[in-house]
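Chemist: Next come the chains, spelled out residue by residue.
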Amino acid sequence: MNAYVLGLLTLNSIMIIFALSLNVITGYCGQVSLGHAAFYGIGAYTSAMMAVAGVPFLATIPAAMVLSAIFGYFVGLTSLRVRHDFLAITTMACGFLFLGVVRKSTFLGGELGISSVPPSGLGSLGDTLLAVGSALVVIILSLYIQKNWTGLAFRAVESDEDAARTVAVNPPSYKLLAFCLGTALAGLAGALYVNYARFIVPDTFSFGTSIAVLAMITIGGIGSTFGVCAGAILLTLFPEVFRFLGNYRLLTYGSLLILVMMFIPKGLAGVPAILYRRSSSP
Amino acid sequence: MIYYADLLVNGLALGCLYAMASVGLTLIYGLLRILHIAHAGVFTLGAMIGISLTNLTSSLVIGFTGAICLSMIAGCLMYRIFYERILREPPHVAVLISIGLLIVMEDSFRIIFGEEGITLHNNPFYLKTVDVAGIQLNVVFLALAAIAVITLTGLAYFVNGTRVGIAWRATVSKPLIATSFGVDVIKVRYLAFGIGSMLAAIAGVMVAVMNNLVEPSFGSVVSYKSLAIIVLGGLGNMNGALLASLCLGLAESFGTAFFDSYLDRNAIAALVLIVVLMARPSGFGRGTA
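If you're matching them up, the sequences are chains E and A in order.
Each residue of the first sequence is one higher than the last, beginning at 1 in my numbering.
Each residue of the second sequence is one higher than the last, beginning at 1 in my numbering.
With the rest of the complex left out, here is chain E (with noise of 0.2 angstroms):
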């Protein structure tokens, strides 16, 4: 395989961890945020300054993942003070101050970012494998956590959190606990996205990109994990199946963001319920 599409690969690994751990926090959960970019770039501005200061790269994945859920767990806190459309501008504001504190500080690169992190000592190969199957094991893990105790408390805390009180789930641990995982997840695709660009601006953890990965799970159908990796795939070949367009390309990711939301709001995922019900009813 050349080059191009192992970078594709990785690339869309990356993307579909990204996403998916959106999904935990705002899918499962119910708790939108539109600053999830901070926690993938907190992951990746971990990695990135443990690799250049001499740290193996399989080393600082950890590191990426726990440092992002600790931010994760007081960004967490913050969703048992403010609901709702309050939560999604706080949640916002955190990926602002991120952004600004990034862009400040020399310590980390500031506006130039970082550059020339070593490689991982992997190989292309290797890499690509490393992403693919981080990805693998976090559909797997997504999946299981659907199907188990915690996803059912998930899903009641997303529906209606009185309701959840009354039959012992307590909402707010379980908000935690979805910030902890969902930020840790995005932590690990932070990292891995340091492997594969080996350079970091701040610009790349921008409140755009949080709109993005929010874009891709709603898209891909919010909740759903297969809809959601079909999202993730579908947004980031966007640019390489359009590159036909190049001036308007922009221009039709809107057009689809508005018209998809329009459409088929519930996402790629329920397009087979639609169809079903299409041929079921004459």
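Hints in this document: simulated from the structure, not taken from any laboratory.
Careful: at least some of the hints might be erroneous.
[As the list claims (entries may be wrong)] Okay, derived cross-link-like pairs now, SDA-like style, lysine to any residue, Cα gap no bigger than 25 angstroms in a straight line:
(1) E:Lys147 / E:Leu177
(2) E:Lys104 / A:Val276
(3) A:Lys187 / A:Gly66
(4) E:Lys147 / E:Leu268
(5) A:Lys187 / A:Ser173
(6) A:Lys174 / E:Asp160
(7) E:Lys266 / A:Leu32
(8) E:Lys266 / E:Pro239
(9) E:Lys104 / A:Asp260
(10) E:Lys147 / E:Val137
(11) E:Lys266 / E:Arg83
(12) E:Lys104 / A:Ser220
(13) E:Lys104 / A:Arg265
(14) E:Lys104 / A:Thr256
(15) A:Lys174 / E:Arg83
(16) A:Lys174 / A:Ala156
(17) E:Lys104 / A:Tyr262
(18) A:Lys174 / E:Val137
[To be verified] Chain A residues, not near chain E, derived (Cβ > 12 angstroms throughout):
(19) Gly165
(20) Leu191
(21) Gly194
(22) Ala257
[To be verified] According to the in silico footprint, chain A covers these stretches of chain E (three or more CB under 8 angstroms from chain A):
(23) 96-106
(24) 209-215
Positions of the beta carbon are idealized from the N, C-alpha and C atoms, including for glycine.
Position chain A against the provided structure of chain E, taking the given hints into account.
Modeler: For chain A alone, coordinates are given in the frame of chain E:
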């Protein structure tokens, strides 16, 4: 001393700009519970049309009128075409549609007017300042503050003192009961989109005249910040939003002066938002106004 007075005036003027841009957002959120991010696109649209028409006709009055009318139409059309049919969907659907709209609008401006944006051919107000007690004040800044005070006072009178305004407030607090009293809810919604877009267009043209430049990404300065403002004010609460605009304007003005080496403008606004929301989860205001 002059330095602090300067910061204060700058902050207040910035606050007035934010207020003009975010009042529409508050009105729309109060009625429909939609975070109308594309409002920033309307703000840019107003500025683009205002500048182009002024250049064409060499009359700022025609530019203003055209910008206001077309932006109102654009705002109402957005409701009719995009939002009306997804009101029953979960809120993130509307947010994503709105962001999609903003992307489409900004990219269309880039394709139509070019990457660098447009300027006024003949701008008599550019960089013109008056001296008030030793502080150099930009004329357009002053005009913006004056217009903000006038329009917002007018709006407050309209909402509190007229029959239409009362119908409007009734719809915000109890849509079903308002309908049973003969209020046409759909008309009220168009009114909110129309007035909100009008205020955004006025603010847009003023800022464009002040900077003598409109770029395609002109609106992003206010877009996410006006979201922060309406949340700070307590979603749907107009007085709260006004207070929040002024606070955010001042915080940014003083914040960038003192903490510039640690945080950028947006981060300062974000920090204010997080701190206030953690202290008062429903923002400055209580309930809906």
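Chemist: Each hint needs a verdict: does it hold in this structure or not?
Modeler: Now the hints, each set against the structure:
{"no.": "1", "hint": "E:Lys147 / E:Leu177", "verdict": "16 angstroms, holds"}
{"no.": "2", "hint": "E:Lys104 / A:Val276", "verdict": "23 angstroms, holds"}
{"no.": "3", "hint": "A:Lys187 / A:Gly66", "verdict": "23 angstroms, holds"}
{"no.": "4", "hint": "E:Lys147 / E:Leu268", "verdict": "21 angstroms, holds"}
{"no.": "5", "hint": "A:Lys187 / A:Ser173", "verdict": "16 angstroms, holds"}
{"no.": "6", "hint": "A:Lys174 / E:Asp160", "verdict": "23 angstroms, holds"}
{"no.": "7", "hint": "E:Lys266 / A:Leu32", "verdict": "20 angstroms, holds"}
{"no.": "8", "hint": "E:Lys266 / E:Pro239", "verdict": "23 angstroms, holds"}
{"no.": "9", "hint": "E:Lys104 / A:Asp260", "verdict": "8 angstroms, holds"}
{"no.": "10", "hint": "E:Lys147 / E:Val137", "verdict": "16 angstroms, holds"}
{"no.": "11", "hint": "E:Lys266 / E:Arg83", "verdict": "22 angstroms, holds"}
{"no.": "12", "hint": "E:Lys104 / A:Ser220", "verdict": "20 angstroms, holds"}
{"no.": "13", "hint": "E:Lys104 / A:Arg265", "verdict": "11 angstroms, holds"}
{"no.": "14", "hint": "E:Lys104 / A:Thr256", "verdict": "12 angstroms, holds"}
{"no.": "15", "hint": "A:Lys174 / E:Arg83", "verdict": "21 angstroms, holds"}
{"no.": "16", "hint": "A:Lys174 / A:Ala156", "verdict": "20 angstroms, holds"}
{"no.": "17", "hint": "E:Lys104 / A:Tyr262", "verdict": "5 angstroms, holds"}
{"no.": "18", "hint": "A:Lys174 / E:Val137", "verdict": "49 angstroms, violated"}
{"no.": "19", "hint": "Gly165", "verdict": "25 angstroms, holds"}
{"no.": "20", "hint": "Leu191", "verdict": "22 angstroms, holds"}
{"no.": "21", "hint": "Gly194", "verdict": "22 angstroms, holds"}
{"no.": "22", "hint": "Ala257", "verdict": "15 angstroms, holds"}
{"no.": "23", "hint": "96-106", "verdict": "holds (count 8)"}
{"no.": "24", "hint": "209-215", "verdict": "holds (count 3)"}
In summary, the structure is inconsistent with hint 18 from the numbered list given earlier, while agreeing with all the others.
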